[in-house]
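Asks: Position chains L and Y against the provided structure of chain W, taking the given hints into account.
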Amino acid sequence: MGEVMLKKLAGVALATAMFMSGTSLVSAETINSEALSDPRVRQAIAYAIDMDTIVETLLEGRALVADSMLPNGPNKPDGLNPYSYDPEKARELLAAADWDTSRELDLVYYYGDQLTADLMAAVQAYLADVGIKITYRQLQGDVGAQLTAKPDDAVNGPANITWDLGYGAAAALVGQEYFNPYKTGGVSHTPGNAERDALIAKINSSSDPEVQKEGYFAIQKYWSENLNSIPLYYQQLFVFESDRVNRNGGAYGNDQYNYNWGIENWTVTPDENGKKVMYTNTAPAQFFEAPWLNLGIWMTTKIVFDRLLEVDGALNPIGGSMAESYEVSADGLTASFTLKDGLTWHDGEALTADDVKFSIETALRIPTIHAVVRNTFTSLTGSEAYESGAADSVSGISVDGNTINLSFDTLDPNLLITFGQFAILPEHLLKNADPLQFQQDPFWQNPIGSGVYKIEEVQMNDFTRYVPFENYHGGVAKIDEIVAFPSYDGDANLIKNATAGRMDYGFTKNTGDVASLEALDFMRVIPVDIPYTRMIWINQFSRK
Amino acid sequence: MSRRSLDRKFDRILELEEAQKLSPSRRNRALAKLLNNRLAVLGIILFSIILFSAIFAPLLTDANPLKIDLRNASKAPSAEHWFGTDKTGRDVFARVLYGGRVSILVGLGSGLISAVIGIIIGAYTGFKGGWIDVLALRVSELFMSFPQIILVLLLVSIIGQSLLNLMIIFILTGWGGMYRMARAQMLSLREEEYVQALQSFGLSTASICYKHILPNALGPVMVNITLSTAAFILAEAGLSYLGLGVPLNIPTWGNILNTAQDLRVLQNYWWMWLPVGTVISVFVLSVNFIGDGLRDATDPSQQG
Amino acid sequence: MLVYVIRRIFVLIPMLVVISFLVYLGLELTPGDAVSSLINPEVASRITPEQLQALRESYGLNDPFLVRYVIWLGNIFQGNFGHSLAGGVPIATIFLDRLPATLELSFVALLFSTIIGCILGTISALRRGSPTDNFLTVFGMLGVSVPEFLFGLSVMLIFALNLGWLPAGGRLMPGYETIWDRAPHIVLPAMVLSLMMTAGVMRYSRSSMLDALTRDFIITARSKGLPEWRINLLHGFRVALTPVVVLIGFRLPLLIGGSVIIEQVFQWPGIGNEFITAVRGSDYPLVMMIALFSVFAVLMASLIIDVLTALIDPRVRLN
Numbered sequence: 001m002g003e004v005m006l007k008k009l010a011g012v013a014l015a016t017a018m019f020m021s022g023t024s025l026v027s028a029e030t031i032n033s034e035a036l037s038d039p040r041v042r043q044a045i046a047y048a049i050d051m052d053t054i055v056e057t058l059l060e061g062r063a064l065v066a067d068s069m070l071p072n073g074p075n076k077p078d079g080l081n082p083y084s085y086d087p088e089k090a091r092e093l094l095a096a097a098d099w100d101t102s103r104e105l106d107l108v109y110y111y112g113d114q115l116t117a118d119l120m121a122a123v124q125a126y127l128a129d130v131g132i133k134i135t136y137r138q139l140q141g142d143v144g145a146q147l148t149a150k151p152d153d154a155v156n157g158p159a160n161i162t163w164d165l166g167y168g169a170a171a172a173l174v175g176q177e178y179f180n181p182y183k184t185g186g187v188s189h190t191p192g193n194a195e196r197d198a199l200i201a202k203i204n205s206s207s208d209p210e211v212q213k214e215g216y217f218a219i220q221k222y223w224s225e226n227l228n229s230i231p232l233y234y235q236q237l238f239v240f241e242s243d244r245v246n247r248n249g250g251a252y253g254n255d256q257y258n259y260n261w262g263i264e265n266w267t268v269t270p271d272e273n274g275k276k277v278m279y280t281n282t283a284p285a286q287f288f289e290a291p292w293l294n295l296g297i298w299m300t301t302k303i304v305f306d307r308l309l310e311v312d313g314a315l316n317p318i319g320g321s322m323a324e325s326y327e328v329s330a331d332g333l334t335a336s337f338t339l340k341d342g343l344t345w346h347d348g349e350a351l352t353a354d355d356v357k358f359s360i361e362t363a364l365r366i367p368t369i370h371a372v373v374r375n376t377f378t379s380l381t382g383s384e385a386y387e388s389g390a391a392d393s394v395s396g397i398s399v400d401g402n403t404i405n406l407s408f409d410t411l412d413p414n415l416l417i418t419f420g421q422f423a424i425l426p427e428h429l430l431k432n433a434d435p436l437q438f439q440q441d442p443f444w445q446n447p448i449g450s451g452v453y454k455i456e457e458v459q460m461n462d463f464t465r466y467v468p469f470e471n472y473h474g475g476v477a478k479i480d481e482i483v484a485f486p487s488y489d490g491d492a493n494l495i496k497n498a499t500a501g502r503m504d505y506g507f508t509k510n511t512g513d514v515a516s517l518e519a520l521d522f523m524r525v526i527p528v529d530i531p532y533t534r535m536i537w538i539n540q541f542s543r544k
Numbered sequence: 001m002s003r004r005s006l007d008r009k010f011d012r013i014l015e016l017e018e019a020q021k022l023s024p025s026r027r028n029r030a031l032a033k034l035l036n037n038r039l040a041v042l043g044i045i046l047f048s049i050i051l052f053s054a055i056f057a058p059l060l061t062d063a064n065p066l067k068i069d070l071r072n073a074s075k076a077p078s079a080e081h082w083f084g085t086d087k088t089g090r091d092v093f094a095r096v097l098y099g100g101r102v103s104i105l106v107g108l109g110s111g112l113i114s115a116v117i118g119i120i121i122g123a124y125t126g127f128k129g130g131w132i133d134v135l136a137l138r139v140s141e142l143f144m145s146f147p148q149i150i151l152v153l154l155l156v157s158i159i160g161q162s163l164l165n166l167m168i169i170f171i172l173t174g175w176g177g178m179y180r181m182a183r184a185q186m187l188s189l190r191e192e193e194y195v196q197a198l199q200s201f202g203l204s205t206a207s208i209c210y211k212h213i214l215p216n217a218l219g220p221v222m223v224n225i226t227l228s229t230a231a232f233i234l235a236e237a238g239l240s241y242l243g244l245g246v247p248l249n250i251p252t253w254g255n256i257l258n259t260a261q262d263l264r265v266l267q268n269y270w271w272m273w274l275p276v277g278t279v280i281s282v283f284v285l286s287v288n289f290i291g292d293g294l295r296d297a298t299d300p301s302q303q304g
Numbered sequence: 001m002l003v004y005v006i007r008r009i010f011v012l013i014p015m016l017v018v019i020s021f022l023v024y025l026g027l028e029l030t031p032g033d034a035v036s037s038l039i040n041p042e043v044a045s046r047i048t049p050e051q052l053q054a055l056r057e058s059y060g061l062n063d064p065f066l067v068r069y070v071i072w073l074g075n076i077f078q079g080n081f082g083h084s085l086a087g088g089v090p091i092a093t094i095f096l097d098r099l100p101a102t103l104e105l106s107f108v109a110l111l112f113s114t115i116i117g118c119i120l121g122t123i124s125a126l127r128r129g130s131p132t133d134n135f136l137t138v139f140g141m142l143g144v145s146v147p148e149f150l151f152g153l154s155v156m157l158i159f160a161l162n163l164g165w166l167p168a169g170g171r172l173m174p175g176y177e178t179i180w181d182r183a184p185h186i187v188l189p190a191m192v193l194s195l196m197m198t199a200g201v202m203r204y205s206r207s208s209m210l211d212a213l214t215r216d217f218i219i220t221a222r223s224k225g226l227p228e229w230r231i232n233l234l235h236g237f238r239v240a241l242t243p244v245v246v247l248i249g250f251r252l253p254l255l256i257g258g259s260v261i262i263e264q265v266f267q268w269p270g271i272g273n274e275f276i277t278a279v280r281g282s283d284y285p286l287v288m289m290i291a292l293f294s295v296f297a298v299l300m301a302s303l304i305i306d307v308l309t310a311l312i313d314p315r316v317r318l319n
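Protein chains in written order, with our numbering: chain W, 1 to 544; chain L, 1 to 304; chain Y, 1 to 319.
If we strip away everything but chain W, and leave its shape as in the complex, we get (with noise of 0.2 Å):
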């Protein structure tokens, strides 16, 4: 067992001066008895696996090949190791780590749509071409835990997950989330390591970008090298409009969140009765889903809440939604916020700073919050107490009529994005909700919001009603009514109705829908860069 140990470490150490020579930062994490933790043995997948071949075929070129976590963009250095195809290298690579051939590797999934399953067969393919043996599964049953069981020692192991490889994604609002779960005792399927964490935490440590650059630089090399996840490609979102619509100049972004897409400018052609009715899919089956885990995905989360500000399409903010003006401190450690005038919800009653108090504060009780939000609302003063139940309110935040005042205790960079983001709630309607029941309270059977669309009649599983909000105060919005389908992305049901024209407006993630999509001649389909990875995981923990 030792020499066996030294001899990979003996291995590591060349593997290192052999290819990734050239790079000014060398380093190896520990290697254990299991064989994913040699990152020649995960070097080797990269090589092994057809990147180009499979985004230029499979996905139809509707995808980006990855060569890091983070998305393309000014935070990403250059000559990082795309890990082209390279088989032989991946056998060379193999053969020094000593790949135990007869070995099969469980790869599990969770996406139920036969794109996955069709790039799986693919993976398999290239990895047996290579002498890795693989297996694959759609996990079934208790899928979160069997993904994220975390080890009793962070470190050493051994893993509390049963497969080997698993592919999955990361959907990121801020480029910290890439990174961050990486943190020691963070997830379930790589080990804790010191140097991983000291560049984790440079990237966390200032909201000014120069400094945030440098830490992105030093731990995407310290990536690339280690490959704790292999990066596979950038996924695009792809909003179609079906010719009838007219955006008017609003703008087109990320709609998986919030952005000043203009949507009360909105125009749709009429229809023969004269009435401008839009049709857009995501309408609920049996409940609307609470705003704060999936912050943008429902038609609902977008138009019937309102948010504090407003963001560009790339979420960068750019002025106050809700708030009249907003002012952070140089410091980042306080920041206040005033409403407008005469701000009420759908039912009349008055939209107060007490109300976005309470939403505060109710979603640092709910455990299904957008990690981002959450990370915001952690770092106020007092939050703590508050959320183990030791006061009342929390200290960090103080009313003072139109005003919403926040104090924090650490800096988080991304306080603004979280309030470009973060639908607020009305306080008179939810006040008795069960935090730890907050989606099953009856409130999410037709809630009422602030945003720009109220909604005026929901059949579940059928179709929801939007008409325009007459007090919004950003102006009463042109389109009649809008009507939401249930159907979502890679589902039948999309094509299906968009091939009825009872579609005008939606986004898909699932490259399949957008041929389908493309053929239809009154359709048209805006491809936008989203940060979103799409990566394999490496169980690299000795096993039980």
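These aren't lab readings, by the way, just hints derived from the structure by calculation.
There could be a bad hint or two in this list.
Pulled from the structure, derived: some chain W residues nowhere near chain L, Cβ distances all over 10 Å [said to hold, decoys possible]:
{"id": "1", "residue": "Leu-64"}
{"id": "2", "residue": "Arg-137"}
{"id": "3", "residue": "Val-155"}
{"id": "4", "residue": "Gly-186"}
{"id": "5", "residue": "Ser-206"}
{"id": "6", "residue": "Ile-318"}
{"id": "7", "residue": "Asp-409"}
Straight-line distance between alpha carbons at most 20 Å, and here's what the computed SDA-like set of lysine to any residue pairs gives [what the hints assert, rightly or not]:
{"id": "8", "chain 1": "L", "residue 1": "Lys-75", "chain 2": "W", "residue 2": "Gly-61"}
{"id": "9", "chain 1": "L", "residue 1": "Lys-75", "chain 2": "W", "residue 2": "Glu-60"}
{"id": "10", "chain 1": "W", "residue 1": "Lys-150", "chain 2": "Y", "residue 2": "Gln-53"}
{"id": "11", "chain 1": "L", "residue 1": "Lys-33", "chain 2": "Y", "residue 2": "Gln-53"}
{"id": "12", "chain 1": "L", "residue 1": "Lys-67", "chain 2": "W", "residue 2": "Leu-115"}
Keep in mind the model is a prediction, meaning the values are calculated, not measured.
Every residue gets a Cβ at the ideal spot worked out from N, C-alpha and C, and that includes glycine.
Replies: Okay, now just chains L and Y, sitting in the frame of chain W:
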């Protein structure tokens, strides 16, 4: 006739009986009838063609059903790929042949095993009677109180998806019909004089069941097996459609046909679903033809 | 008769209780629970074990198995069917919402398939051995040999997407007021379902008609010189009706279970659709209630059928 000579005569009958010399010739007549039924013959031919092409798949195609070729994906049928290629460039013809192995195994295997289990339980408990009969009857009623698909889905959600699990589920949901039939046969037959006579000779229960009662029930048994085989093959396809069938890394008819869910495939790539859809339908149809022929051939009320 | 019905109902209840226990036990043994299925895996990795624990506690998932079962069963007897885990909607509400859609579809399909099936089966029997009979036999078998969803998808592709004659799916659209607004939506799913069901009825009514035609009293009627059509219709059909009633009875459970796949294909918001969603999402209370409800429907159907057979056919006696 003296008592001794009567004993001797019975001993001789018993001997013949045990040597199976007295086995009924009805089966041969049934077979002849079956072969006279044109649809049944057609069924047997189609069934055999599909079954043997699946079994001898390697002789019929060199293609590996798992071998991908992304650059040659979604190609229409050609001399090289008789049924074209699928979205990852796998040979659809090879997949249909190899997929047939699994699907037929699931259908026929589950049909046979559930029949055997049903017969064993039905024959034994029906013959024995008493509490064990009541228990078996209640358990079968329990299973039969569910609409089939609801029970299958419920069991899928309980024991999870895998090839073996699917067969277990089919067997669990399928044994009841056979059991009831076997039991009913048993109840009526055990009252028959010749069975009672055999019993009084001291033949064991098991051997009476095996040698005298089962041959009489063979017709309905075969009919039942064919019907459940057809039903299981269709169920496998249906479950694949719902995403709750055999895991996708195993090619089965259902998993291949599943691509038809994608409207684009349905509209543009007929070769990815039409051949396999046809093969499933023809196979099930042939099984139904055989079953129907068997029913006609073995049902005494339909003689003449 | 009344005594018989009441006695049957009393037998039914323990049966349901045993089944409910087994189903509850089965679902208990599955990996994972409602909480884990409520949280998407990308988020679950960021939730602390304490938060998860608190969530489980709030759903009462931490109580011992038997305690939960007894509480649940007690609630059912008080008419409280519980709540769906996913949305907290009372299950009774879901039933009220979805059941009409399923019954609507299944009734139409059952009605058409029974009428068409009986007619075709009778024709087939009267012309036994003719080309018509052979054609109908093959046609009927084809009907039960094509995978349901493939048939459904093809029909949808042709009539809804390519020809555009009928809607591709759904049931209600905004602004629908009368039944005629909704009628076009049911045509395709009901047609597919009827055709798949017709085959069975046809085969069954054919063989029972054949059976009836060889009965003594028919022969007697014939010997009395009654016109052939009257014999067939009045005597033959009436006797053949008994097995048809039995058949319908056996098919009553199809009202709940028969349309599961077709509901998926045509996005029909019925109970089958809901069941699939619940199974995929491990929404146990909902899975259990739908399963139990369908068992209840089957048992009731078999009761009704026994009573009806006795009413139609005087030879059958209830005891």
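Asks: Please go over all the hints and tell whether each is borne out by the structure.
Replies: Right, here's what the structure says about each hint:
1. Leu-64: holds, 17 Å
2. Arg-137: Answer for Arg-137/W: violated, closest chain L Cβ roughly 5 Å.
3. Val-155: Given that every Cβ of chain L is farther than 10 Å from that of Val-155/W, nearest at about 33 Å, it holds.
4. Gly-186: Per Cβ check, Gly-186/W is outside 10 Å of chain L; nearest 29 Å; holds.
5. Ser-206: With a cut-off of 10 Å, Ser-206/W remains clear of chain L, as the shortest Cβ separation is near 44 Å.
6. Ile-318: Nearest chain L Cβ is 38 Å from Ile-318/W, so the label holds.
7. Asp-409: holds, 45 Å
8. Lys-75/L to Gly-61/W: Within the cut-off at roughly 18 Å; holds.
9. Lys-75/L to Glu-60/W: The given pair, whose Cα atoms are some 15 Å apart, holds under the 20 Å limit.
10. Lys-150/W to Gln-53/Y: holds, 15 Å
11. Lys-33/L to Gln-53/Y: violated, 68 Å
12. Lys-67/L to Leu-115/W: holds, 17 Å
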